[in-house]
Amino acid sequence: MTAILSETSVSASPGNARVVFNCLKRDKLAFAAAIFLLILTIATLAGPPLIGDTAAKLGLRQRNLPPFSFDHGWLFFLGADTLGRPILARLIVGAQNTLGIALAAVVFSMLTGGVLGLIAGYSERWYSQVIQRVADIIMSFPSLLLALIVLYTLGPSISNLIIVLALTRIPIYLRTTRAEVLELRERMFVSAAKSMGAKPLRIVVRHIAPMVLPTLLTIAAIDFATVILAESSLSFLGLGIQPPEFTWGAMVANGRGYLANAWWISFWPGLAILLTTLSLNLLSSWARTMADPQQRWRLQSLRKASR
Amino acid sequence: MLSFIGRRASHSIISVMGLLALVFFLTRLTGDPSSLFLPLDSTAEARAAFAKLHGFDQPVYWQFLQYLRDLLSLDFGESVRQNRSAMAVALEAFPQTLKLAVVAMLLSTALALVVGSLAASRPGSLFDRVVTLVSLSGASAPDFWVAIVGILIFAVSFELLPTSGTGSYLHWILPIFVLMLRPFGLLVQVVRGAMLGALASPYIKTARAKGLRRQQIIFGHALRNSLLPVITVAGDLTSGLINGAVIVETVFGWPGIGKLMIDAIIQRDFAVVQSTILVTATAIFILNICIDLLYAVLDPRIRY
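Those sequence lines, one after another, are chains U and P.
Heads up: the first sequence begins at 1 in this note's numbering, then just goes up one per residue.
Heads up: the second sequence begins at 1 in this note's numbering, then just goes up one per residue.
Treat each hint with caution, since some may be false.
[To be verified] Here are the in silico distance ranges between beta carbons for each label pair:
(1) 66/U x 52/P: 53 to 61 Å
(2) 211/U x 29/P: 33 to 41 Å
(3) 266/P x 192/U: 52 to 60 Å
(4) 229/P x 156/U: 33 to 41 Å
(5) 158/U x 266/P: 15 to 23 Å
(6) 56/U x 62/P: 45 to 53 Å
(7) 32/U x 70/P: 56 to 64 Å
(8) 22/U x 167/P: 54 to 62 Å
(9) 22/U x 201/P: 24 to 32 Å
[Unchecked claim] When the alpha-carbon atoms are kept at most 20 Å apart in a straight line, the in silico SDA-like pairs for lysine to any residue are as follows:
(10) 25/U x 37/U
(11) 199/U x 210/U
(12) 28/U x 52/P
(13) 194/U x 124/U
(14) 52/P x 66/P
(15) 28/U x 129/P
(16) 25/U x 126/P
(17) 28/U x 50/P
(18) 25/U x 133/P
(19) 25/U x 233/P
(20) 99/P x 284/P
(21) 28/U x 18/U
(22) 28/U x 131/P
(23) 28/U x 274/U
(24) 57/U x 67/U
(25) 28/U x 127/P
(26) 28/U x 125/P
(27) 194/U x 207/U
(28) 28/U x 66/P
(29) 194/U x 184/U
(30) 57/U x 242/U
(31) 28/U x 122/P
(32) 28/U x 132/P
(33) 25/U x 40/U
(34) 25/U x 132/P
(35) 25/U x 128/P
(36) 28/U x 137/P
(37) 25/U x 129/P
(38) 28/U x 134/P
(39) 28/U x 123/P
Source of the hints: derived by calculation from the structure; they are not laboratory data.
Being a predicted model, the structure only gives us computed values, none of them experimental.
Every residue, glycine too, gets a C-beta built ideally from N, C-alpha and C.
One chain only, chain U, in its complex shape (with noise of 0.2 Å):
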C-alpha cells in the first residue's frame, strides 16, 4: 500500500517527478528497462499499421532466412520462419496479442477480485465463505494444470484465455483485498458513515474501495509479468491461442521442430518475452526501493556509496 502511495505522491508534484528521474536515470538498469518498455509500447502500439499485412504474407524465397542480413529489407533483420515471413514483423504484431491478453486479463483479475474481496470481506453472511473456500481452492492448486483443464474444457480462444488467466490470479487480489478491508471496515470514518445512517453498498463503494485500489494496483503491476509467462506457456503447449492468431509463445512453439537447422525461428520470440519480463520486474523492484524509506537513500545518493 505505501509502495504505490508514495509513488505516486511523489510523482505528483512537478519537482519531485524531476527527482524521480533522476534517481532512474543513476540506476543504469532500471533505466533501460523503462527505455525498452517505453520502446515496446510505441512499437506495438504503432507498428501494427505501419507493417500492414507483411506479417502475414508468405514470401517462398524467404523461407528459413537467417538473421543479421539486410538483403531482403529491415524487416528481415531477425530473419524469416519456414513460410518466409520476417520474424521482426511477426514480433511486432505479436506483441499486441502477448500484451494486450495479459493486460485484459490483469485488468479482469483486479476487478474480479477487486470485488469479491470487497464482498467476502465486509459481509458475514454465508457466500463470504463461500467465496474464500472456493479462493483457498484455486490457490491450493498449480495454476498452470488448472489453466489447462479450465482451457481445455471451455475451448481455446482468446476471450477464454484471457478468463482462465484472470482465474487463477483472483485469489490474489481477493484476499489482499480482504485483508485491507477486515481492517479498514473498524476504523473510524466508517462508523461515522454508518452513524449518519450510509448503506453498506455506499460504505464499501464510496469510503473502501478507494482506499484498496493502490494495493490492487501495486500488485496488478507486478503480476503482469507473471501473466506474460502463463499465457506464453500455454500458448507454447498448444492449449492458448489458436493460428492465425498468434502470440509470441506460440512463436515459440512453432520453431520447436526446426531447432537444428534454423534456430531463429523460436530464439528471437522467446528472448522478446524475457526482455520484456525482466524489464517489468527490473522497474517494480527499482520502485520498491525508491518507495522504502530505508532503502531509498541506495538509489539517491549512490555516487557517494563506497562501492
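Since the structure of chain U is provided, determine the placement of chain P on it from the hints.
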C-alpha cells in the same frame, strides 16, 4: 501439535474434495470420450456399450456420487487408454516428478541462501548488482524457451548432453537447470531482502562489537533469523514447481506426472486426470503441513 495436524488435515481434505468436484464436472463438460476412443464408423450400439461400460451414460451428478463411493473403497477408476487402474498410472509417474522437484528445490534453496546472503552483506557492490540482475533474469525467463535454447546449445551444437528422455545422469542436467531457474531467482530476492533487514538490526552490531568474524555474523546470526520468510516462499514455489514440471517434462520427454496429466486431458482419460490431481494435491497439502511444522522448529516462539 497432533490436534493441529488433525485440523490442518481436515481442512485439506475439504479442499481436495472441492478440487476433485471442480475437475470432475469440468472434464465431463469437454465431451464424450467415446467419440475419441472408438473408431469413427462404430455403430451407435457400440458407442452406447462403451458409455455404459465406463458409466458415461449416467447423469453427471450420479457419476460423481459413484466416484466418491468408489473413492471410499480406494477404487480410483480405470484408465480408459491404458486399461489398468488410473491410480497405478499416476503413482508410476509421480516419483519421476518428485525426484526432479526435490533435487531442483534443494539445489536452488541452498544456492540462493549462500548467494543471497553474500549479496546482502555488501549491498550496492558489483557482486550484489550482478546477483540482482541474474536472479531477476532467472525469475523472468520463460522456462520453455530456456529449455529449448539449452537443447540447442548443449545437445544440438556441442552434443554434450542428450536432447530428451531418461537414463544416465546426463539426462538430469538440463531439466534440473531449467526447473531451478525460477525458484532460484525468486529465492535469491527473498534471501537478499530478509538479510538486508536482519543485518541492519541491533544484535548484528552487538555481534560485530564482540569481534565475531564476518562469516559467523552473516551465516550464524543473520541468516538464521531470515530463514522464516525464505521457507514460506520456498514452500509456495515447490507447489508452483509443478507448473514448471509440466513444461520441462513436455520439452524433455520426462515421464512424470505433468506430462501424464497433459496427455490425459487431451485424450479425455478422465480417471487418470482425477488421479493425477488427487496425487498432486495430496502431496502439496502434506508439504504445506510440513512447512508449518518446520516453522515451530526454527522459531521457538511459534507453538501449535
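State the violated hints by number, sorted upward, taking the hints as numbered earlier in the document. Hints 12, 17, 19 and 28 are the ones this structure does not satisfy, whereas the remaining hints hold.
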